[in-house]
Structure formats: structure tokens, C-alpha cells
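With the hints as constraints, model all of the structure from the sequences given.
Chains A and B, in that order, give the protein sequences. FYI, the numbering for the first sequence is 1 to 412, going by the numbering used here. FYI, the numbering for the second sequence is 1 to 186, going by the numbering used here.
In short, the hints are calculated from the structure, not lab data. Don't take each hint at face value.
Stated by the list, open to error - Simulated crosslink set (DMTMM-like; lysine to aspartate or glutamate; CA at most 20 Å straight-line): (1) B:K167 <-> A:D227; (2) A:K361 <-> A:D347; (3) A:K361 <-> B:E29; (4) B:K167 <-> A:E195; (5) A:K361 <-> B:E22; (6) A:K288 <-> B:D157; (7) A:K359 <-> B:E22; (8) B:K114 <-> B:E159; (9) B:K167 <-> A:D226.
To be verified - Take a look, some chain A residues computed to stay more than 12 Å from chain B by CB distance: (10) A23; (11) S26; (12) T50; (13) G81; (14) T89; (15) G97; (16) R105; (17) S145; (18) H153; (19) Q160; (20) R204; (21) G205; (22) H213; (23) L408.
For glycine and all other residues, C-beta sits at the position ideal for the given N, C-alpha and C.
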Amino acid sequence: MKTADVVVIGAGHAGLAASRCLAERSIEHVILERGEVANSWRTERWESLTLLTPNWQSRLPGFAYAGENPDGYMTMPELIGFIEQYAETVHAPMHTGTSVTSVCRNANVIEVVTTDGTWQCRGVILATGACNVPAVPAVAADMPSGISNVTTHDYQDPEQLADGKVLVVGASATGLQLADEIHHSGRSVTLAVGEHVRLPRVYRGRDVQWWMHAAGVLDEGIDDVDDITRARNLPSPQLVGSRRRQILDLNAMTDAGVKLVGRLMAVRDGVAMFSGSLRNVCSLADLKMGRLLDTIDEWAESSDEGDTFDPPERFERTRVDEAPPLTIDLAGEDFATVLWATGFRPDYSWLHMPVLDRKGKLVHDEGVVNAPGIYALGLPFMRKRKSSFIHGTEDDANYIVDHLSHYLGKGH
Amino acid sequence: MSEEASSVNNGVNVAALLEAREALTAMPEAAQFKWRATCDWQDGTHSSSKVEGFFGLGEEQTHVKSFSFDSDHPEVFASEDKGATPVEFVLVGLAGCLTAGIAAVAQNRDIQLKSVKATLEAPMDIQGILGIDSDVRNGFDGVSVRYEIDADASREDIEALVAQSQKRSAVFDIITNPTNVTVEVK
Numbered sequence: 001m002k003t004a005d006v007v008v009i010g011a012g013h014a015g016l017a018a019s020r021c022l023a024e025r026s027i028e029h030v031i032l033e034r035g036e037v038a039n040s041w042r043t044e045r046w047e048s049l050t051l052l053t054p055n056w057q058s059r060l061p062g063f064a065y066a067g068e069n070p071d072g073y074m075t076m077p078e079l080i081g082f083i084e085q086y087a088e089t090v091h092a093p094m095h096t097g098t099s100v101t102s103v104c105r106n107a108n109v110i111e112v113v114t115t116d117g118t119w120q121c122r123g124v125i126l127a128t129g130a131c132n133v134p135a136v137p138a139v140a141a142d143m144p145s146g147i148s149n150v151t152t153h154d155y156q157d158p159e160q161l162a163d164g165k166v167l168v169v170g171a172s173a174t175g176l177q178l179a180d181e182i183h184h185s186g187r188s189v190t191l192a193v194g195e196h197v198r199l200p201r202v203y204r205g206r207d208v209q210w211w212m213h214a215a216g217v218l219d220e221g222i223d224d225v226d227d228i229t230r231a232r233n234l235p236s237p238q239l240v241g242s243r244r245r246q247i248l249d250l251n252a253m254t255d256a257g258v259k260l261v262g263r264l265m266a267v268r269d270g271v272a273m274f275s276g277s278l279r280n281v282c283s284l285a286d287l288k289m290g291r292l293l294d295t296i297d298e299w300a301e302s303s304d305e306g307d308t309f310d311p312p313e314r315f316e317r318t319r320v321d322e323a324p325p326l327t328i329d330l331a332g333e334d335f336a337t338v339l340w341a342t343g344f345r346p347d348y349s350w351l352h353m354p355v356l357d358r359k360g361k362l363v364h365d366e367g368v369v370n371a372p373g374i375y376a377l378g379l380p381f382m383r384k385r386k387s388s389f390i391h392g393t394e395d396d397a398n399y400i401v402d403h404l405s406h407y408l409g410k411g412h
Numbered sequence: 001m002s003e004e005a006s007s008v009n010n011g012v013n014v015a016a017l018l019e020a021r022e023a024l025t026a027m028p029e030a031a032q033f034k035w036r037a038t039c040d041w042q043d044g045t046h047s048s049s050k051v052e053g054f055f056g057l058g059e060e061q062t063h064v065k066s067f068s069f070d071s072d073h074p075e076v077f078a079s080e081d082k083g084a085t086p087v088e089f090v091l092v093g094l095a096g097c098l099t100a101g102i103a104a105v106a107q108n109r110d111i112q113l114k115s116v117k118a119t120l121e122a123p124m125d126i127q128g129i130l131g132i133d134s135d136v137r138n139g140f141d142g143v144s145v146r147y148e149i150d151a152d153a154s155r156e157d158i159e160a161l162v163a164q165s166q167k168r169s170a171v172f173d174i175i176t177n178p179t180n181v182t183v184e185v186k
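So, in C-alpha cells, the structure goes:
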């Protein structure tokens, strides 16, 4: 039996940030990693993915982007390199190739069972990521045979898809980016659009992430929003990190030739049925973006840098056809693929403690899980809006490690 | 929430609604409701329907009184027009649901409503119900709802009320999304 004060599960940016914060407080710990550093980014992402945040924003405790392109967006190889470099500076005590198969309490200790022995510890930090399993809705089971169902974990690039039309389900950053690239591969694409978050890449001459950071939007905490559950479940904002810094919204999709339909509600006898609420979900997103831009403009008005910003602008409302199709006969209309861009969920199947709610979500208060000694890190809107992004990890890691430190009796 | 200090009064007890939301989050089985109606054929296309009881919060409930509705077809359909056409009840349901939602959301957002008027229109090609053309569906081609709202709020805030009301509306959902319907004979 091996022992440590704290076991950190996962050596992505969050686990490494936790390790750094633990080391600063001289708390003995190990990181257990099923693969190698940045494993999910290495093995579970598609080819063209880039971060939604600009490089200058990529920072972790004691480490920041130092390259020559602060306004660019990291590709996956660049991000993996960034996290590898961080791992070297952190000198984390790490066991790679070690999968955790069970975490449970045994009297006063927590037992972490792995493919390479069992660890006993008093604290565990769950840094296993928020995107372990594609969250495919139940309606997928009703898809007719002959249609290939592809998830965002299986998807690499358009060339793996059969010829024929593609239905992309979901209007998150992922859904729009993949609809766009599949459309450009020459396949006809239809995009099923439910609730979504619309954001311009660049506003008044600056990256929208710069504005949200400057105006304090990214620092909004769980008490600053009406409904934290809803805020945590929002799809990722419709952004793409590309050299052109273009706006990737539903109007751009329409202009490119992608067809928009409502949320996929049901499939009956091979016919996909879409909600008639497309217009309203677009209105909701347009109005919400308008409110954010109002907030930004108000902040800009009061800022000392006011005269360096381009003038305020407002964007065209999302164009919706008079009568978007409510049904598509998938086989009859030559659809070959359905791509499920319907989000992800964490995998806690190995976590044998009563810490999940009836929907399978981890119950935690700002990362402090409702089981003594258990903490989470790297979850969407865990403590603040920026928790969803890499740079949000710094504050969160310090917060939970302080809490853990007190719990272990090593505070002050 | 600031409704305690607020002078806004749209006649919606938002505090009670928010309390109910919290209670039902903890006790989801109490959130299981069943809505009911009965219908008695009168003569021709005329029927009388009644709503009285429903199930919710774990037990049988009743309205403060029973409500009756006559439905019929208009004279241009060679009927006697003793009540609204059933499809018009659908519009009435949608309007009532969306408007109730607007009042509740406005109260929650501290917006005083002065007047809320909705005009609904639903085009329909009756070649469908008459079986003239099998490519034409029986139901509406679409539904349009036009609101005229006078309230102490900006145009954007009023649009946001209307959008949020659609998002939370049962009848909007029933009309825009497929529903399994089982009709049996006893």
C-alpha cells in the first residue's frame, strides 16, 4: 500500500496547476495519470481544434505564454507543448500510464485503486476534465440503420466521413466549427440548432475575451448569476480561434450554405423531426449577446483607455428562414452521417462515494465536493465564469488547495 | 431577487413560484402533474368540454370551479357555430400560456407591465382536413403571435421577456415539438 497526503487524478492543465499549488504549500502529493501529460488534448480532440482563448490569456500558476504571437490561438500540438513545458517547470511527482479504477473511503482514509497498486491518502483532487464522455441524447438510438453516427470523440476530420449529406446536431463552438469544415469538404451540411451562445470573435477592435476579462465578466462568480446550474450547462460560445479571427455565427453558416433547422426532437421511421422554436432560440442568443455588448460598452465608456477603442457596433440579427424544415427523411434525402456535437460529460464511474446528484452531476460548492477531503478542479463555471477556461484554473487551484490545506490541518 | 423591496406589481406571486421551484427541485416526484379534460358530443360538430380536476403535488387537485367550453365549426363549414373552432382553442391556449409567462418573467425582472395585447394568426390550407390533397398537412402551416406591450422597460428588455416566456412555455413546446398521442376506444 502506497501513501500520500493528497492524490491528484489527472495530469492536464488543472492537475498540474493543483500540483504546483500543493508544492507551494509543501503538501506531499502525487499525480496519477491514465496516459501521459495532456492526455485528453492528445487523444480525444479533432484535428483542426484550436483554443477559444487567445495566447496571452493562456496562463497557469507560475507560468504564462511567452511566445511571439500573443493574439493567436493555440492548436492542439501547441497546447500539448505548452502543458508539457508546464509539467517540466512544476516537477510534479507523477505516475503516468496509471489508470484510477476506484476511489472510495475506508474508515479515515481515502483509497485510490489504480492499475498499478492502491494509494491511501487524506485528500483527492479530481482533475480528470469535464469532457470525458460525449453526451449523446437518447434520440440517437432511434436513428435509422445506414446512417453513421459520429461523436466529437470519434471525429478527426471530414475525410473520415462517408460521401452524402451530414446532419450536425448542436450549435456550440464545436458544432459550428465542424459544420463549417465539413461544409468546406464539399458535403452538404444541415445544422440542428437549440439553445446557444452567440459571441463576436472581435469587438471594437479587440478579442471578445479581452473585453470579457477587462469588463469583469469572466470574474463573475456563482452568486452573480441567477441560475448556476444553467450557467454550468451552457454550450460553449460560438467562437473559433483562427488566424483570420472571423466571426463564426449562424449568419456566417447561412452565408456559407449550411442549412439551419431547429433542435432535433425525435426520429420516427427514419424521419428526423425538428423543433419549431428555431426563431426563438436565435432571438434569445441575439438578445443575450446584445446585453453583453451593452455591458462592454458601459465599461468602455468609463475606461481611461476609452479613446483607443473602435466605435461600438451591433450585429445583424440571426437570419432565420420563413419556414425552416420541420422534418427530414434522412435516408430519402441522402443523409449519410449524423455528427453529435451535443456536449460532453465527466466520467465518474470510478468514484464510489455519494457525491453525484440524481442527474449524475458532481455536487460541489466552488470545487469543494460534499465529501470530506474530495475536491474538483477544471469544471465549467466551477467558481467563476473563467473557470471554464485554462486561465481560470489559477484562482480555482489556489482556492481549493487552501481549503484542502486547512482540512489537512496544515493551514496558516 | 429584489421583489420584496420592489414596487412592481403584475399580480404574479413570484416569491411563491420561486419557492415552489426550490421545493420541487428537492422533490421531483411532486412535480409530476396530469392535466385532464372531458368532452361530451352535443350535436353535429358541437361538443361541450369541461375541465375541473387535475393531479399534482402528489395528490388530486380541483380548480375553484369547473370550466366549460363549447366547440363547434363556423357557418361557412355548414355548422351552427355554437363555440370556437377547436383550432382556435389551440391559439387561445398558446396566447394564455405565453402571456402568463410574460407577466411572471416581468415580475421576476422587476418590470411593471401596463398592457399586454397579443394577436394570433395561424394560416391553414383546409385541403388537408378535407382530404383533397394528401401533400397538405391537416394542421397549421405556422403560427404567428404579435405582441403589443406597454411597460416600463426598453424595447430589448421587452423582447427578452417575450423570448424567455416562449422558452418556458408548455403550450409553445407542445405546438413546436412532437408529442406522442394515444387515442383509444373503451
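Agreement of B:K114 and B:E159 with the hint, judged by alpha carbon distance not exceeding 20 Å: holds, 15 Å
Assertion that A:G97 lies outside the chain B interface [Cβ separation over 12 Å]: With a cut-off of 12 Å, A:G97 remains clear of chain B, as the shortest Cβ separation is near 42 Å.
Proposed proximity, A:E195 with B:K167 (alpha carbon, max 20 Å): holds, 9 Å
Closest CB of chain B to the CB of A:H213 still more than 12 Å away: The claim stands: A:H213 keeps its Cβ more than 12 Å from every Cβ of chain B (closest is about 24 Å).
Exclusion check [A:G81 not at the chain B interface, CB over 12 Å]: holds, 42 Å
Pairwise hint evaluation, B:E22 against A:K359, where the allowed Cα distance is 20 Å at most: holds, 16 Å
Nearest-CB test (12 Å) between chain B and A:G205: holds, 24 Å
Least C-beta distance from A:R204 to chain B larger than 12 Å: Nearest chain B Cβ is 19 Å from A:R204, so the label holds.
Least C-beta distance between A:S26 and chain B, which was stated to exceed 12 Å: holds, 41 Å
Beyond 12 Å from every chain B Cβ - status for A:S145: Holds, because the least Cβ-Cβ distance between A:S145 and chain B comes to about 21 Å, which exceeds 12 Å.
Status of the stated non-contact between A:L408 and chain B (beta carbon gap over 12 Å): A:L408 clear of chain B: closest Cβ-Cβ about 32 Å, beyond 12 Å.
Chain B versus A:R105 - minimum CB to CB distance exceeding 12 Å, so not interface: holds, 25 Å
In this structure, none of the earlier numbered hints is contradicted; all agree with it.
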